[in-house]
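Participant: Residues per chain are reported as follows:
Number of protein chains: 2
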Amino acid sequence: MNARAPRTAALKVGRRGSHDGRVRAVIDRVIPEIDCGRFAVKRVVGDRMIVEADVFADGHDQLACMLGFRHELDRDWNEIPMTALPNDRWRGEFPLERLGRYRYTVTAWVDHFVSWRADFKRRVDPADIASAALVGAKLIAEAANRAMQRDAQLLRDWGKQLISALDTDEIRRLALDEEMAEVAQRYPDRRYASVYEKELKIVVDRERARFSSWYELFPRSASPEPGRHGTLRDCEARLPYIAELGFDVVYLPPIHPIGQINRKGRNNALEAAATDVGSPWAIGSAEGGHKAIHPKLGTHDDFLRLVARARELGMEIALDIAFQSAPDHPYVTQHPTWFTWRPDGTVQYAENPPKKYQDIYPFNFESDDWTPLWDELKSVFDYWIAQGVIVFRVDNPHTKPFGFWEWAINEIKAAHPEVIFLAEAFTRPKIMHRLAKLGFTQSYTYFAWRNTKQELTAYFTELAHGPGREYFRPNIWPNTPDILTEYLQSGGRPAFVTRLLLAATLAANYGIYGPAFELSEHVPREPGSEEYLHSEKYEIRTWDLERPDSLRYLISRVNTIRRQNVALQNDSTLAFVSTDNDQLIAYLKATTDVTNVLLMVVNLDPYHGQSGWVDVDLDILGLQSDVPYEVHDLLTDARYRWQGRRNYVELTPGMGHIFVVRGPARPLRAAGSPV
Amino acid sequence: MNARAPRTAALKVGRRGSHDGRVRAVIDRVIPEIDCGRFAVKRVVGDRMIVEADVFADGHDQLACMLGFRHELDRDWNEIPMTALPNDRWRGEFPLERLGRYRYTVTAWVDHFVSWRADFKRRVDPADIASAALVGAKLIAEAANRAMQRDAQLLRDWGKQLISALDTDEIRRLALDEEMAEVAQRYPDRRYASVYEKELKIVVDRERARFSSWYELFPRSASPEPGRHGTLRDCEARLPYIAELGFDVVYLPPIHPIGQINRKGRNNALEAAATDVGSPWAIGSAEGGHKAIHPKLGTHDDFLRLVARARELGMEIALDIAFQSAPDHPYVTQHPTWFTWRPDGTVQYAENPPKKYQDIYPFNFESDDWTPLWDELKSVFDYWIAQGVIVFRVDNPHTKPFGFWEWAINEIKAAHPEVIFLAEAFTRPKIMHRLAKLGFTQSYTYFAWRNTKQELTAYFTELAHGPGREYFRPNIWPNTPDILTEYLQSGGRPAFVTRLLLAATLAANYGIYGPAFELSEHVPREPGSEEYLHSEKYEIRTWDLERPDSLRYLISRVNTIRRQNVALQNDSTLAFVSTDNDQLIAYLKATTDVTNVLLMVVNLDPYHGQSGWVDVDLDILGLQSDVPYEVHDLLTDARYRWQGRRNYVELTPGMGHIFVVRGPARPLRAAGSPV
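Chains as they are written, first to last, in my numbering: chain A, 1 to 675; chain B, 676 to 1350.
Quick caveat, the hints were computed from the structure, so don't treat them as lab data.
Be a bit skeptical, because a hint or two may be false.
Here's a subset of chain B near chain A, in silico, CB distances under 7 Å, partners left out [as the list claims (entries may be wrong)]:
| hint | residue |
| --- | --- |
| 1 | A961 |
| 2 | Q1033 |
| 3 | N1071 |
Capping the alpha-carbon separation at 20 Å, the derived lysine to aspartate or glutamate pairs in EDC-like fashion look like this [claimed, not checked]:
| hint | chain 1 | residue 1 | chain 2 | residue 2 |
| --- | --- | --- | --- | --- |
| 4 | A | K138 | B | D794 |
| 5 | A | K355 | B | D794 |
| 6 | A | K198 | A | D395 |
Some but not every residue of chain B turned toward chain A, in silico, with C-beta under 10 Å [to be verified]:
| hint | residue |
| --- | --- |
| 7 | R704 |
| 8 | R764 |
| 9 | E768 |
Even for Gly, the Cβ is constructed at its ideal location relative to N, Cα and C.
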């Protein structure tokens, strides 16, 4: 049903002047609704949007309740009827078929025809029935006046029959005619409908927003020849390797010219040697700023080739957007008002006393020239979008105003709804949530520092089932160029395996920083630090991808399993399963129709083998305690016959099972076999 | 601090045009806040209003955060600083000193002076300190420009000293001067302050809204002479008895002329005998309507005397407002459009098929003449307020539109903030909550049908600690003229005692329908019915108040205990205590400073004595497990020495303890001794 904006005068109570007292229905507690409708919920194309609301009115009359929705680019509203649940709750749903933003709201009214019919069924007294028939005939005549030609005639005839019927049984038969009731209900009296006071918003992203596998690498370390500065062409040559690993987003740290002034040396030394390459995040030099490519990486054409080649391999290039400037960034001289000048005539560099970041000037967002600053920063995204980039990892968004991000992301997504923004905000929880609410598509998490079963269970239960589930899409990383955790430093290769299995199966979006990850790079700059020794942030590294201890084949297998098992492609069904060993973590993920059910069991101990009993709730899987079922390990192709809730598991250090669970009665969806 | 409306341009993000990008603080999750600020929270005069909010900004700067509030009759806002709690939460509080409505909101800004000072403390490098001193001097000079004369000079001098100091230690000492910092902080730069987008509302009632004891009686049954129609003068004579029972609200069913047409007979008979008095809720006859007094009850002057006499005794008269008309109410002929006319020319009477209420016509709130109808109904309240009545029990508010109540209550309370409205809505939970939210001061509950320990625990935990705690004030009744529960019908006098003790101690507001209650009136009209045989709703009853089995002395004692123990005067501290016997319910109530602590233990079994162990959490009472403490039964004056968590209790059928708990170390507030 299509209707131009189904809005009746909204109920503004408390002040009679502004509303019609005949509006009687109340609409309340609509979900989902984030912060009173201030922010949009997130979904992906193909999802069904389920909406619930409390809807009720005074007295005993029956209500009708409609869920209205429209894509923001459409003018007309669609409407579907909502269904009454117990306790004055109503539910409706609609499909999200297009990228972009939708709006939805709820309309309800006291329906006198439906009320009349419901009351009529309960009447017993013949005098009552005769009197009620007259009332009904009047309501039917009114519906006829609202009806289309043919229906109008049908209704008029029905009303006349009802008035002229004499026999009580005949009146009852006529009054309760199902077919005619359906016709009448097509033309309700909506004059006094209540419309929910808010239009709530949905951002509909493409599927990759919900399910993606990221691989981060430093282009300048992509050269196969030791000592040579890697290039975008080297990256292009590396793409098949990354595709073989099974990733779909290839994320590059900033590719722009790097400042010369105050450049950092190896291992973050304050003084750089002449040959030092500096930090890619110290953006800008005489060679250009945020829209330029570092000359040593190659040309604009090289970049376009890289983007195109990635696409051929089913992957996308993601760029790192870091809004800050090296002291020699052209902005500093062209737009001095965008920086904070100290009374001594120098620019305020980034610092968090006593720490200093002398190679970086932050922007002054309290500048009187904030408007051109916002425009320029947004234009950086626009520029790279024009070069074919539609995935961005945003560096430290929490050090720039929330208002800027909300404006920029909304503007960009209005024109390019396919764009994905990943927020790199390792900060306080409420700030991370705010960034997700205001528009970031995906968010980094605390995963790297959640190691024990208790920590992982609490954190991922919160991510999957807490309020953030409507807007905060976790993208979890076992390592990054800034984060080499104590667990990885000390646990050896098994620690990397554990963290890979957890990352790839706990969240639908995950990523690794390679080749450091697949080569188990684990030596810190100094004890107690999470920085790498010889960090690629400050120097070029050469990696031996063919090392026999590389995790590349395991990673490839894990990513194949993710692609072949829909259960791993969203976060909402995660359910932890109890085990009797604190070093064994177990959890289920399933499709909502339970045709694809995966059970993960991971040994969190990188030093010792661990064994124990896994206790699976069979009911939620539709399995019976007295019938065996199969668990098929997709990592090793081993198949086990299990029965009942409790089954035994034994795992070597840092290893895990990714079981697909297959019941006997109803064959669960087939998953691919190992390569 | 007083300030004219501390509102800066509110942050409307997402659309740059409408906000200043330099506004950086975010204010979120303000509590209390009901339905996005749509409704007011309820408090009473003398309460302290505690407000919390999430407040944060981008980056590492320090914030300042203020709680603004004003009485609606004032133009100026007051402001007090909020204090930072962990996890970006802030809290502030202010006293509610006046009746009426308040508004509150939160303002926050990035405070550069405070940030500078916090950073300064962490600086170690002398060059850094020298540079930072200059930055500080600039901020101080800006503060001086905002400051009042004397402070301006102080600040200017300070800034100059800071600039001219040469020695690092001297600079540090000057920069961190506490006294001068305090002066500077009085003049913050609020140009880019964020103001929470909503002004939230508080309704501040008088204390009786939170703590009241109601006694309902039928005036026409107040005659001491059997057979004579009771009068308002008889009621007046009854007042000392009610005062002695310890009640403070005397609630009368409708006192208006009763319809002759379709009048109901005794026990709700469809045909009334000539002598039958009819239902007081069938309001209106040739003798007048909702503003008239039934001639058999007396005169207008009699009513004024009754109100005055009640006041002398520390009590108030509450009237019953039932918006419906007998067929011979003057409204029916004067305002035919306010009723629903059926096609057969008759008025639609109230019904819920197959049930009929032929003696009552409901108003048609969907009338085209709804505006004069609303005005007239509101004028009924206004009329009785002018006669000195400021407590109203509203009959079936859920069968009239929510919009009407919200408008009427808000209008009335704007002029008369002392008025109390009790909603008699025994209906679905969401509807009861809506009525409380939109303005009803107190609400009837499901208490009458909650009998087991599990039911009582779940329901009163929800009432005391659920979302309704901010707006839904329960007023609990063991019986009403419509509700004679199965428990009371079958349990005899002990059942009445149990329900009295529960009602009077579980909720700060409670009431009984007397003298039926104190005389344990318990015979139903027929088995399975909750109606009384010979219900006062349809006939005059004569009550023997001097009957030896009357509960009057127990009631009097219980009400005295309520008056003398502040712990029983609010609902918020209720905490259930475990016992090992399902027939023994136990719970604590305490003042927030824990100087008055009551422990109730009630035997729910009206047939058998019960005994068991009560397990009290000593920590929350500040008691130690190895030191004895005293529990003093305020009903019997018995004192017991208890020690440790678990102590033994034994109770006769339907009896209970109201213990005041007195610790040894810190004497808990003394409570009165039994009469």
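Participant: For each hint, tell me whether it holds in the structure or not.
Facilitator: Results for each hint:
With a cut of 7 Å, the hint placing A961/B at the interface with chain A is violated, because the nearest CB-to-CB distance is about 27 Å. Hint on Q1033/B is violated. Least Cβ distance to chain A is approximately 11 Å, over the 7 Å limit. Contact between N1071/B and chain A, as hinted, is not supported at the beta carbon level, the nearest pair being about 9 Å apart and thus beyond 7 Å. Annotation: proposed proximity of K138/A to D794/B is violated, straight-line Cα distance about 77 Å (limit 20 Å).
With a C-alpha separation of about 11 Å, the suggested pairing of K355/A with D794/B holds against the 20 Å cut-off. Between the alpha carbons of K198/A and D395/A the distance comes to roughly 34 Å, so the proposed pair goes past 20 Å and is violated. This hint holds: R704/B has a C-beta 8 Å from the nearest C-beta of chain A, less than the 10 Å allowed. Here the hint on R764/B is kept, as its CB sits about 9 Å from the closest CB of chain A, short of 10 Å.
A cut of 10 Å between beta carbons decides the hint on E768/B: the least distance to chain A is about 22 Å, and the hint is violated.
Of the numbered hints stated above, those contradicted by the structure are hints 1, 2, 3, 4, 6 and 9, listed in ascending order.
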